[in-house]
Amino acid sequence: MDCLALRDGLFFGNQVVSGLATGGVYALVALGLVLIYKATQVVNFAQGDLLLLGAYVGWALTSVGLPFPVAFSLTLVLAAAGGLAVERLILRRMIGSPLIAVIIVTLGLSSMLRGVVFLVAGTEVRRFPEDVFGGPPVEVGPVLVPQIHAWALAIAAAAVAVLALFFRYSRQGVALRAAADDQQAAMSMGIRISRTFALSWGLSASVAAIGGILLGNLSGVNFTLADLGQQVFPVAILGGLDSLAGAIVGGLLIGVLQSVASGYVDPCVGGGLRDVVPFFALVVILMVRPRGLFGRAQIERV
Amino acid sequence: MPARALTAGPQLVVADLHLRFGGVVALAGASLAVQHGELAAIIGPNGAGKTSLLNTISGLYRPQRGRVDFEGRSLVGYPPHHVARLGIARTFQNLGLFRGLSVLDNLLLGRHLHLRTGLLTGGLYWGPARKDEIAHRGLVEEILLFLDLQHVRDQVVGTLAYGVQKRVELGRALAQAPRLLLLDEPMAGMNVQEKEDMARFVLAVNQTRRVTVLMIEHDMGVVMHLSQRIHVLDFGRTIAAGTPEQVGRDPRVIRAYLGQEVA
Amino acid sequence: MLAALYVAVPALASAYQVYVLSTILVACIGALGLNLLTGYAGQVSIGQGGFLGVGAFTSALLASRTGVPFWLSVPAAGLVTALVGLVFGLPSARIKGLYLAIATLAAQVIIQWTLSRPAIAGGGSVAAPRPGVLQDDRIYYLVVLSVALLAVAFARNVLRTRVGRALVAVRDHEVAPAMIGVDVAQHKLLAFGLSALYAGIAGALLGHLGRAVTVEQFQLDLSIQYLAMIVIGGLGSLPGSILGALFVTLLPILLRAAVAPIDGLLPGSAAMVLSSVQVFLFGLIIVVCMAVEPRGLARLWARLGGALTR
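Chains as they are written, first to last, in the numbering used here: chain W, 190 to 491; chain F, 148 to 410; chain P, 1006 to 1315.
No wet-lab data here; the hints were simulated from the structure.
Where a beta carbon is used, it is the ideal one built from N, C-alpha and C, also for glycine.
Check the hints yourself; a few may be wrong.
What the hints assert, rightly or not - With a cut-off of at most 25 Å between alpha-carbon atoms, the simulated DMTMM-like pairs for lysine to aspartate or glutamate come out as follows:
| no. | chain 1 | residue 1 | chain 2 | residue 2 |
| --- | --- | --- | --- | --- |
| 1 | W | Lys227 | P | Asp1141 |
| 2 | P | Lys1101 | W | Asp370 |
| 3 | W | Lys227 | P | Asp1142 |
| 4 | P | Lys1101 | W | Asp371 |
What the hints assert, rightly or not - Listing some non-contacts, in silico: residues in chain F with all C-beta distances to chain P over 12 Å:
| no. | residue |
| --- | --- |
| 5 | Gly169 |
| 6 | Gly184 |
| 7 | Arg214 |
| 8 | Phe293 |
| 9 | Asp295 |
| 10 | Gln297 |
| 11 | Leu329 |
| 12 | Thr355 |
| 13 | Arg357 |
If we strip away everything but chain W, and leave its shape as in the complex, we get (with noise of 0.2 Å):
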């Protein structure tokens, strides 16, 4: 391949493609980061070895036979119960810490994370069973998205669109983001900060994991997904650090962005590009539009 060779539209509309599927995951995932950190002020750099986790674990469980839906659904259980577990047992101790501390022990959560599951797991990919997602590809026009592509896509949407409406319509969803947005109103209103921070936990958790086990079917349940648990945080800055429309928006625009420069840029660089590209992009907006796209201008300075 060259670099740079400009393909017929038909490649790059299948990069596109393939990029809004991962997107699409990177929006989820992202989602529970904007709404860890909107709920409790913390960066949760956790998050993209929960996605990890949560990959293996749904692997894990296929392999022993069930079958995918309850294999998921046992998942997204476990996951929930493990970021209620982490917040109860960890972060609860660290209320009145100063943030720095607590952005630390995310640190050191994520190290532990990865460790078990390198411990565990190796380096072999796995993979989940070809039949849950096989089947012929869905015609877009004239390009052929694979089914594992569509898939992903719709999972993520629906995930999406089942947190909007739980934010829009149920208790504790509207409770969750009273406090989100004021800490102290929520508060004099008599809602639980602690609830919402657990269940800020228990949510995130829970669609990292659905993000794990759709990039894990996308690409291979290995350690480099690892790496692209790390694109929610670009993600994440791209959209506002406390948006959770931009969450869905920046998801989108890095997963194109990733496909696209992997797609024509990288014979001329060596390869790699599809994980250092959108740090790249982290870089430009820090330096030209901190808040992000949608972001308030909370983490710019006075």
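Keeping the supplied structure of chain W fixed, place chains F and P upon it in accordance with the hints.
Just chains F and P, lined up with the frame of chain W:
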């Protein structure tokens, strides 16, 4: 360093200041003038915009409209550290002290602008750096003596009594050798004895060290006793200014505080 | 104490022990740098591993590809890394310290990618030769020791003069330092540059210690290791940086000794098991320390000392 009359006319002029945060109006035409060497106070009900005014003068906020001139030079648009460099120091309502550092280190931080030592020279800590450090320590010792803080010089600030912490903050502001000192509620949260001590020190700073003082204060007794001139703010606007006697009799002031006409 | 380090150690210790000590000393320099940035200036950084890599590769490339002598390549590596640190520290002028951590993650990822380009090493290793005089591990150790001592003295001096105080002020408050005349943006940037300088020199020394450098040595896990060092030792504590470096460097060695007997029973190779257990443990250490005693070993030591002298 005494407040020298560098320019004719007032040292600080604030004219028709307007400040808004989104929909919230903080200042709507605040004005005042402070003469060289004066001890002036800003009073007004809660939410009148007093701290916003001080914050705007010190460069933390940028007003939408209006002028702030210090010794003939406009301050609007300058970042806070530049305003400090021009000779203005301030204290904060909630204490802007560095609680993990000792009293001495906090005061030495006040000398930041005057010390010459940089990264390399400081790291090597050779002749000039050493002399610099020692010279400024001497200056700071003098302030410690002036404010009666020598006995706590090595103590970590976070462990001190509130009243003492406020005095340390005053000391740090003094260490900057300012020509104008902005105090945001220096007596807040103090008991009677601490207030008397602080009042004594503020007066001494103004009279003996000849530093112009502009302070926000709620304690009327202190304000009436110390200040030569009082500016009254309400709803972000100056509603009266004058000597303590004049202001105390002004019906607009009384109405602002009590919310009703006084016959 | 100094005499012991300079004379007794080379004379009495085995070559392996001297090598380990050199590794610890290198870690001390890197940990000091990170503590200056994170512990003293309050900017969380997970890019230290990457910066060490920049230093290591710069010195190795200069020495092996362009024949620059060790005595020049190491300081040059430090300066180059400082510059890279300044570039990645630029966002600090506009964003609050906590979110800067994400920028340091970007630094780590970008540096890792850059160092693995074909032009540099293509994933292979770059030789980092030592000059004739330093071939002996014991002599090299003396050089590393001297640099480490200089690094400690320099840091200590900086911290007790104007710039160091300003750095601490920047950590503790967002607004107040500006009112004293401290240019907050400038000082944050300075902290990045200084921290990267230390990392660069540490990396260069490490590279020449092992006589070769590869990208695998300088990944995110190394950054987390350094974070663990300053967390254990104590954020914002000079002796803590040293204690932490000692502890964290020795831990893998102890682990290796512990795992050796049961090598056959483990899934996968011993190396992989060790690596993952290590990663897990460092994370656990960070979590436990921050939750229990954020001021680290140094503080515990001080408290213990205080309790004993009562």
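Here is what the structure says about each hint:
Proposed proximity of Lys227/W and Asp1141/P is contradicted: the alpha carbons are some 56 Å apart, above 25 Å. A hinted pair counts as satisfied when its Cα atoms are at most 25 Å apart, and Lys1101/P with Asp370/W qualifies at roughly 19 Å. Taking the CA atoms of Lys227/W and Asp1142/P, the gap is about 53 Å. The hint is violated against a cut of 25 Å. For a cut-off of 25 Å, the pair hint linking Lys1101/P to Asp371/W stands: about 20 Å separates their Cα positions.
Once the 12 Å rule is applied to beta carbons, Gly169/F is consistent with being away from chain P; the minimum gap is 20 Å. Gly184/F, annotated as away from the interface, keeps every beta carbon of chain P farther than 12 Å; the closest lies near 22 Å. For Arg214/F, the condition that its CB be more than 12 Å from all CB atoms of chain P holds, with the nearest at approximately 21 Å. The Cβ of Phe293/F sits about 19 Å from the closest Cβ of chain P, beyond the 12 Å cut-off, so the non-interface label holds.
Listed as a non-interface residue, Asp295/F keeps its Cβ farther than 12 Å from every Cβ of chain P; the least gap is roughly 22 Å. Chain P leaves Gln297/F outside its interface by the beta-carbon criterion, the shortest separation being 20 Å against a cut-off of 12 Å. Once the 12 Å rule is applied to beta carbons, Leu329/F is inconsistent with being away from chain P; the minimum gap is 9 Å. No beta-carbon of chain P comes within 12 Å of the beta-carbon of Thr355/F; the shortest separation is about 23 Å.
The beta carbon of Arg357/F sits about 21 Å from the closest Cβ of chain P, which is more than 12 Å, so the claim that it is off the interface holds.
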